[in-house]
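Protein chains in written order, with our numbering: chain A, 1 to 138; chain B, 1 to 138; chain C, 1 to 138.
Hints are computed from structural coordinates only; laboratory data are not their basis.
Mixed in with the good hints there might be a few duds.
With a straight-line Cα cutoff of 30 Å, these simulated DSBU-like cross-link-like pairs (lysine-lysine) come out [what the hints assert, rightly or not]:
no.: 1; chain 1: C; residue 1: K69; chain 2: B; residue 2: K109
no.: 2; chain 1: C; residue 1: K6; chain 2: B; residue 2: K30
no.: 3; chain 1: B; residue 1: K30; chain 2: A; residue 2: K109
no.: 4; chain 1: B; residue 1: K30; chain 2: B; residue 2: K69
no.: 5; chain 1: A; residue 1: K6; chain 2: C; residue 2: K128
no.: 6; chain 1: C; residue 1: K109; chain 2: C; residue 2: K129
no.: 7; chain 1: B; residue 1: K6; chain 2: C; residue 2: K6
no.: 8; chain 1: C; residue 1: K128; chain 2: B; residue 2: K35
no.: 9; chain 1: A; residue 1: K109; chain 2: A; residue 2: K69
no.: 10; chain 1: C; residue 1: K69; chain 2: B; residue 2: K35
no.: 11; chain 1: C; residue 1: K69; chain 2: B; residue 2: K30
no.: 12; chain 1: B; residue 1: K69; chain 2: A; residue 2: K30
no.: 13; chain 1: A; residue 1: K128; chain 2: A; residue 2: K109
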Amino acid sequence: MESYRKELWFEASRRRELINITSNIDHCLKESNIKEGLILVNAMHITASVFINDDESGLHYDYEVWLEKLAPHEPVSQYRHNGYEDNADAHLKRQVMGREVVVAVTDGKLHFGTWERIFYGEFDGRRKKRVLVKIIGE
Amino acid sequence: MESYRKELWFEASRRRELINITSNIDHCLKESNIKEGLILVNAMHITASVFINDDESGLHYDYEVWLEKLAPHEPVSQYRHNGYEDNADAHLKRQVMGREVVVAVTDGKLHFGTWERIFYGEFDGRRKKRVLVKIIGE
Amino acid sequence: MESYRKELWFEASRRRELINITSNIDHCLKESNIKEGLILVNAMHITASVFINDDESGLHYDYEVWLEKLAPHEPVSQYRHNGYEDNADAHLKRQVMGREVVVAVTDGKLHFGTWERIFYGEFDGRRKKRVLVKIIGE
Numbered sequence: 001m002e003s004y005r006k007e008l009w010f011e012a013s014r015r016r017e018l019i020n021i022t023s024n025i026d027h028c029l030k031e032s033n034i035k036e037g038l039i040l041v042n043a044m045h046i047t048a049s050v051f052i053n054d055d056e057s058g059l060h061y062d063y064e065v066w067l068e069k070l071a072p073h074e075p076v077s078q079y080r081h082n083g084y085e086d087n088a089d090a091h092l093k094r095q096v097m098g099r100e101v102v103v104a105v106t107d108g109k110l111h112f113g114t115w116e117r118i119f120y121g122e123f124d125g126r127r128k129k130r131v132l133v134k135i136i137g138e
Numbered sequence: 001m002e003s004y005r006k007e008l009w010f011e012a013s014r015r016r017e018l019i020n021i022t023s024n025i026d027h028c029l030k031e032s033n034i035k036e037g038l039i040l041v042n043a044m045h046i047t048a049s050v051f052i053n054d055d056e057s058g059l060h061y062d063y064e065v066w067l068e069k070l071a072p073h074e075p076v077s078q079y080r081h082n083g084y085e086d087n088a089d090a091h092l093k094r095q096v097m098g099r100e101v102v103v104a105v106t107d108g109k110l111h112f113g114t115w116e117r118i119f120y121g122e123f124d125g126r127r128k129k130r131v132l133v134k135i136i137g138e
Numbered sequence: 001m002e003s004y005r006k007e008l009w010f011e012a013s014r015r016r017e018l019i020n021i022t023s024n025i026d027h028c029l030k031e032s033n034i035k036e037g038l039i040l041v042n043a044m045h046i047t048a049s050v051f052i053n054d055d056e057s058g059l060h061y062d063y064e065v066w067l068e069k070l071a072p073h074e075p076v077s078q079y080r081h082n083g084y085e086d087n088a089d090a091h092l093k094r095q096v097m098g099r100e101v102v103v104a105v106t107d108g109k110l111h112f113g114t115w116e117r118i119f120y121g122e123f124d125g126r127r128k129k130r131v132l133v134k135i136i137g138e
């Protein structure tokens, strides 16, 4: 069994942002030289997500509006977590969108459907944060 | 390390439907001959889910009502994604229910609790769509 | 490839409770003697979650309030699942928080960001329930 790992850094310029990281993950997979196995991609921070969906700007706008409805940022005083911080909503949004994805590796490629793309979902940005890529297989 | 993969096709007759696919996954596991490892089951489409819960029709009705409350299909014009399409709500519902499950394989069986069953959750159906089964182990 | 499995039992004294199980999982990892691989931690019950977030009591209070808003326990008669049972809301809450986490194992340790902690999320407690730990790797 072979294994590979890499930590990728991202810095969103806004508080909330969805970043397509599919090409970064493709690059890791090539570097690993693993042909059959599983790849785990997870946020290393608890106010961010890694998820798979569509790279379509209208949909990304819909996610922003929807997540703000389900778990609004303001008023920040509505959350007990917001004593010294103001990011409680980001901890909630991350649970809806998920921490991680596990993707099959087949013939050295991400075994994806036509429209699957991997996103880093930032909900408390404007600072550097990490995503972990771990691959195991042969 | 051994690996196995199969793409399963499903066609829901309605827009939204929950299909128990546990026996399909059991069949794949037997076919793989893998006794110890991990099995990944994921939707290959971004308007569908694979998740684990109860095979109880009352609960499935509750999921339908609840998901329509959290992310209503209509009016379709409320979503920017719905220019040429009308499935934005399906992309949202899929995030609540999840893309994939990872299940332990022990002694050649799905290592499950008493009531765990695997479902394909369709939120934009009436066409053929795929689920990926990937198993690694020994 | 090596594999390891253990079922852990938890009994929450209240209906809903979040229990930090990181040290239990650390102990399993040491016992497995696996240095590189993946660890799966999942609830074996369909009214409970395993998830990763912050060990901060204010945030846990926020999760309680938020999940009760998204999927209220009462009135129990609002759910069709609640014929003989009263836990339909727990099946819904568990979908928001998730069934499982997959964590990378690197150099014999959980490959975690600074604030990542693993929680058992109980939404229908006051009875013994199980969490499965499965590790594969070398």
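Here's how the hints hold up against the structure:
1. K69(C) / K109(B): violated (38 Å)
2. K6(C) / K30(B): Status holds; Cα separation ~23 Å.
3. K30(B) / K109(A): This hinted pair holds, its Cα atoms lying about 25 Å apart.
4. K30(B) / K69(B): It is violated: about 39 Å lies between the C-alpha atoms, which goes past 30 Å.
5. K6(A) / K128(C): violated (39 Å)
6. K109(C) / K129(C): Holds - the C-alpha atoms of K129(C) and K109(C) are around 26 Å apart, at most 30 Å.
7. K6(B) / K6(C): Answer holds: K6(B) to K6(C) is near 28 Å, not above 30 Å.
8. K128(C) / K35(B): Holds: K128(C) and K35(B) sit about 28 Å apart, inside 30 Å.
9. K109(A) / K69(A): violated (37 Å)
10. K69(C) / K35(B): violated (43 Å)
11. K69(C) / K30(B): violated (43 Å)
12. K69(B) / K30(A): Given pair K69(B), K30(A) is violated - Cα atoms ~43 Å apart, limit 30 Å.
13. K128(A) / K109(A): holds (28 Å)
Checked against the numbered hints above, the structure violates hints 1, 4, 5, 9, 10, 11, 12; every other hint is satisfied.
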